[in-house]
Amino acid sequence: MSAFCLCSTGPVAAAELSRGPQAEVTVAYQPLASPGGIIVQAMQHDRILRRELARRGMSLRFVAAGKGGDVIPMLQKGDAHFATMADMPLIEAVNVVPLSIIGQLKRNYAMVVGPRGLSAKDLKGKRIGNAFATTGHFALLKVLSSAGLSERDVALVPLDVNLMPDALRNGHVDAFAAWEPTPSLTIGRNPDRYGAIGRQQSISFLVSTREFTAQHPEAARQVAAALVRAMHWFKVDRSHVITAVRWNIAATEALTGAKPQVGEREYAKSARADLEELGYSPKMSRSLTSKRSLLLDAQEFLKSIGKVPRAAAEDALIGSFTYDIVEDVMKKPTQYYLSRFDYAP
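Quick note: the sequence shown, position 11, residue 11 per the UniProt record's numbering, numbers continuous.
Some hints here could point you the wrong way.
[Claimed, not checked] Simulated restraints on C-beta separations:
1) Y323 / G125: 18 to 26 Å
2) P345 / G263: 18 to 26 Å
3) R107 / S150: 34 to 42 Å
4) G279 / P345: 43 to 51 Å
[Said to hold, decoys possible] No more than 20 Å apart at the CA atoms, straight line, and that leaves these computed lysine to aspartate or glutamate pairs for DMTMM-like:
5) K283 / E264
6) K124 / E151
7) K259 / D160
8) K121 / D160
9) K283 / D324
10) K291 / E314
11) K235 / D192
12) K307 / D166
Keep in mind the hints are simulated off the structure, nothing from the lab. Note that beta-carbon positions come from the ideal geometry of N, C-alpha and C, so glycine has one too.
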């Protein structure tokens with residue numbers, strides 16, 4: 001049972017416009033992920049979102065996490081109502097807590113990075129930096145499988161993603177598996193030394209507990225509106241990406257205790273490429289739930305190697321996609337202030 005319960009009788013009914021004590025809405029996210037980290041930073045600084053939720057008796061809190069798997073128990077316990085998640089943790093999550101998948105945050109690649117010339121089959125017996133149950137872990141499993149290998153053929157070294165580049169440079173691992181921006185930035189800084197041994201398409205989303213979207217549909221739309229607004233804000237002025245990158249670097253430092261090695265402009269270039277890939281829009285394609293979709297293929301693969309229960313049903317994943325929330329918001333740009341920006345410094 002969720003710790004959050006502020007029941008309403010209609011989308012903008014009086015019950016959802018409250019003058020009483022504010023209930024806290026919590027968003028869990030990963031600042032180490034691109035472009036999700038900067039998107040959520042914009043949402044966190046969005047005064048319009050905070051005002052609209054306050055009208056409904058709600059305050060807003062953001063909690064940083066190191067990886068998507070860390071937010072699953074938060075969603076289960078009701079400690080988070082929204083979260084950002086990539087493919088592998090999302091597949092695990094929908095099998096333990098009812099979710100509404102609201103909008104897409106990225107479509108890029110997770111990679112296995114190592115010395116140039118090293119192939120997938122050369123990974124046998126190697127030490128590989130890995131964050132368990134992440135999209136990077138999923139990419140590693142797929143790359144190993146393509147070479148007829150499995151986790152049993154390598155030595156997995158548990159590492160937080162921010163520590164992986166240094167571990168590779170210092171020889172503590174022979175390769176690492178990670179999500180963007182870490183792989184591209186590592187290769188970009190050392191193009192003659194490192195390359196992608198293999199890669200796997202990676203997608204991530206903003207999700208909510210189904211309980212929250214059912215009880216507070218208009219509040220969920222306001223969060224979705226902030227997501228749409230953030231991407232539009234990035235599109236209208238490239239300098240806005242730099243602003244959000246600075247916010248996100250500060251959040252990363254607070255989470256990890258170390259200043260990120262990547263520079264602002266380098267980070268922003270990578271984030272812009274990811275945003276352009278989505279067309280600066282979180283609207284989700286219906287192909288995401290087609291029979292040959294990346295997510296369903298990933299679920300079947302993870303079932304085959306025992307990473308998710310064999311009983312995991314397609315319906316749990318497909319039924320979690322809630323296309324109409326973002327689509328409804330985008331049809332009403334004036335009502336949801338989609339072209340009006342008010343971000344706190």
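Cross-check of the supplied hints:
no. : hint                    : in the structure
1   : Y323 / G125: 18 to 26 Å : violated, 45 Å
2   : P345 / G263: 18 to 26 Å : holds, 21 Å
3   : R107 / S150: 34 to 42 Å : violated, 27 Å
4   : G279 / P345: 43 to 51 Å : violated, 28 Å
5   : K283 / E264             : violated, 27 Å
6   : K124 / E151             : holds, 9 Å
7   : K259 / D160             : holds, 14 Å
8   : K121 / D160             : violated, 25 Å
9   : K283 / D324             : holds, 9 Å
10  : K291 / E314             : holds, 9 Å
11  : K235 / D192             : violated, 33 Å
12  : K307 / D166             : violated, 28 Å
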